[in-house]
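**Student:** Line by line, the protein sequences give chains A and B.
Position 544 of the first sequence, counting from 1, maps to 544 under this note's numbering, and the rest follow consecutively.
Position 167 of the second sequence, counting from 1, maps to 167 under this note's numbering, and the rest follow consecutively.
What the hints contain is simulated information worked out from the structure, not anything from laboratory work.
Treat the hints loosely; a few may be bogus.
Pair ranges (Cβ atoms, derived) [stated by the list, open to error]:
id, chain 1, residue 1, chain 2, residue 2, range
1, A, Pro605, B, Pro60, 43 to 51 Å
2, B, Leu72, A, Ala249, 51 to 59 Å
3, A, Ile444, B, Asp126, 49 to 57 Å
4, A, Pro323, B, Leu79, 30 to 38 Å
5, A, Leu296, B, Gln90, 42 to 50 Å
6, B, Arg199, A, Val52, 50 to 58 Å
By construction, the Cβ of each residue, glycine as well, lies at the ideal position given by its N, Cα and C atoms.
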Amino acid sequence: MTERSSTDADLEDGVLISRLEQTWRTPKGFWGALSTVDHKTIGRRYIITAFVFLALGGILAALMRLQLAQPEARIIGPDRYNQIFTMHGTNMMFLFAVPVMEAMGVYLVPLMLGTRNIAFPRLNAFSYWMFLAGGTLLWTAFALDMGPDVGWFAYVPLSGPQYGAGKRADIWAQMITFTEVSALAVSVEIIVTVFKQRAPGMSLDRIPLFVWSLLVTSFLVVVAMPSIMIASTCLILDRLIGTHFFNPAEGGDVLLWQHLFWFFGHPEVYIIFLPAVGMVSTIVATFARRPVFGYLALVMAMIATGILAFGLWVHHMFVTGLPRLGESFFTASSMAIAVPAGIQIFCWLATLWDGRLSFKTPLLFVIGFIVTFVVGGMTGVMVASVPIDTQVHDTYFVVAHFHYVLVGGAVFPLLGAIYYWFPKMTGRMMSERLGRWAFWLIFIGFNLTFFPMHILGLQGMPRRVYTYQPEMHWHGLNLFVSVSSLVLMGGFLLFFIDVIRSARNGLPSGPNPWAAPTLEWATSSPPPTYNFALLPVVRDSNPLWEESESLTVGGGLSVDRREFIVSSVVEARPEARETSPRDSIWPFWTAIASSVMLIWSIFSPWAVVWGSIPIALALIGWFWPKGSPEEES
Amino acid sequence: MKQRIIADFSRLPLHGLGTASATWWGTLAFMLIEGTGFALIIAVYLYLMALAPVWPLNAPQPEVLPGTIVTLLLIVSLLPNYLVSRWAQQRDLRKIRIGLVLMTALGVAPLIVRFFEFPALKINWDSNAYGSVVWTMLALHTTHIITDLADTVVLAALMFTRHGHNRRRYGDVQDNAMYWNFVVLAWLPIYFCIYWIPRL
């Protein structure tokens, strides 16, 4: 420590803030923007990028509905249509749903825990650049007519070397690597942030439920995503250097792909859904003006869901001719997951029942979620049964089911969460009037679009067909669905308009517009780069409700270097005054070097050898000490 | 919102070691990710074996000698690795420097033998699925060794500079040692799969 430095508690408010701003500021300009490690800047970029991908995926959906609006339409050819539905699914799952949920965590978790930055901030910057590169790769390939055309789960042998000529399937498989690297990095950051950076006093039973949900989600990512990375690597190897993992003629097996894919793919659903559970639990408590009913039950339900998520994957494979006993086991486990889901629903209903409700837009989306998700859950229990699944497998019934659980179960809460946290992120309120319009258009549009798909599925319409004949009598419902999707899209359009308008001209929100109880509302909106001038000390699960007069904080941190508190895992006792690294351009260069290697390796195995050298150099640049005050110990 | 100071953090240490360090937990999380990856590739191996009429599939038994030498080298390296970690705890910079140089050598040695281990598999990666999976397992673990070796080399170089004498660096040395234990540990089930399961 140098002579000049002094601790935060000794300084006048104005001096404290200017010193903290000096220490935590991100340099302006192009290189500053590329070097920043502020979790809020990166989180905001992540969220905006993910929503851009949502909009792009929505345009693809619109194109598909245009094509299917009438029988034997000739607007899109079969080859392009294959690319479009593959891009739609891949984009929505890997570039929108998972990243946006993790991005909300990147932005909010450190604030809700009362700390100053996420753990491993440079890894966080790296993860964003990798995500952006992966998304750019996929969409550039699509623009060049090289987009993957094998479905979002890329089953072999269709995606294997024999049928999947060209580089389309490789683009898909390598895009997986990009997004999984980024998701795994964020998960490690979130796990360590939750374990070690909680405000002193925030014991395990005081962690906000949204943070719990991100913690469980992160563990799911850590255990599930290696499976898809192994799978996609084996696929690339089969295609590039002639291995035989999925080639039955040489001792390989096509079902191995499905096992590996769904061992990841089913937990993936909960990776998307659990953060939504956290969002709903947060919004419900705030707008019912009471602590959420059954905190412990909700936490246990999330953990139970996380564990059960790994015992369900075979229900995606019921029609592959697996042994009966296996099928029965997976039917039972698939139905069992309805139990924690039910517990969650009843806890929310109890909270709403007992609360003094304030029907603002976020709560509307939550109520829309409960209704829609319950419908999706019911069809989930139906397709968990082998005989029903055998009938409706690969039909529009399944399309309807998973849009109900994913859009109803995750996108509705997400939109509610955007309305809820937008004031924190921008300092401005979104419009209540436009919000209500957007909600009703989306809610009604969604149900009119997707409910008839159940019926189309029961009538036998298969998914992923680019057209159908008039004799099938599906055209009436298809036209209805296509027209309804306009309502849904109108709702989303309104939402985007509201976001852009409010970001510029929304009413100033103040620090805590909803009178919410968690720590992110204790600081200004948007929060300063250092999040909190003095770090909060927590004595209750709802600190801003229990201590509405003043916030309890601790002092004694240096303001001349980026300091925060490391606390113990269970009780959150303070253990050390740790430092958070400064901005660095190296994560950006590492991401560039990694992208070059990964894309090159689609074309040549030697890329792995030669491409690794720049990555190693960039990593050395990243980790080599620069003599900053944060280095001192 | 008004603030009320109820705690004083000024006496806390400036850096935590072990469970008080974020890097320690981060290393553990990455070990969990990689451990899951290894477990899955072993699952792939066993899955393909369960389908095959004979195992090894249309190939002779792999030759055990190079793999066993690698295993022995890795196990032997655990002792100096443990010592380096202890010296880091004692902040004995001179011994740490010697130890890291030694660990660098002990990282290079198994790589040299590994070069002979691939041909000892007696099958190519593109011959059949058996060849594919054993080559992949071996390649994954080789990547693992190379990664930690690179980390050790850079860390060793760092310890010879003015940045070496710093609690953070000592923590890095300990975390690097912990990771090397994992590299060795992860190898044992793979070694057993590749060389001994076909002989069961």
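**Student:** Next, verify each hint and record whether it holds.
**Tutor:** Results of checking the hints against the structure:
{"no.": "1", "hint": "A/Pro605 / B/Pro60: 43 to 51 Å", "result": "violated, 26 Å"}
{"no.": "2", "hint": "B/Leu72 / A/Ala249: 51 to 59 Å", "result": "violated, 38 Å"}
{"no.": "3", "hint": "A/Ile444 / B/Asp126: 49 to 57 Å", "result": "holds, 56 Å"}
{"no.": "4", "hint": "A/Pro323 / B/Leu79: 30 to 38 Å", "result": "violated, 48 Å"}
{"no.": "5", "hint": "A/Leu296 / B/Gln90: 42 to 50 Å", "result": "holds, 44 Å"}
{"no.": "6", "hint": "B/Arg199 / A/Val52: 50 to 58 Å", "result": "holds, 55 Å"}
The structure fails hints 1, 2, 4 (numbered hints given earlier, in ascending order).
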